Amino acid sequence: MGAALAKRFAAEGFKTLMLARSADALEELKKASPELLVPHACDLTLPHEVEGAFQRAAELGTLSCVIFNAGAFRPGSVLDTQPE
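Our numbering applies: residue 470 is where the sequence shown begins, and numbers increase by one.
To be clear, the hints were calculated from the coordinates, so they are not data collected in a lab.
Here the structure is a predicted model, which is why all the values come from computation and not from measurement.
Just to be clear, a hint being listed does not mean it is correct.
What the hints assert, rightly or not - Below, in silico cross-link-like pairs of lysine-lysine (DSSO-like), each with a Cα-Cα straight-line distance of 30 Å or less: (1) K499 to K476; (2) K500 to K476; (3) K500 to K484.
All chains should be modelled from the sequences, with the hints used to inform the complete structure.
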């Protein structure tokens, strides 16, 4: 689902930061729109890698949209989520 969303946003002209653990998968996906799809490999269970993802997003400028497309769900605000 994440790959399909990234491709769709790029097709609409949005620069899209893509996060996943697999750098290879992200690089393959980037081929669909090299100018607009920006890969960043990271593991969202590791706080220092999450910090790197936020830094990369800041380099791209203002965000228009954020989609959390993870494999688990915990009710509540992402702002209240603990790293554990």
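Task: Contradicted hints - numbers only - done: none
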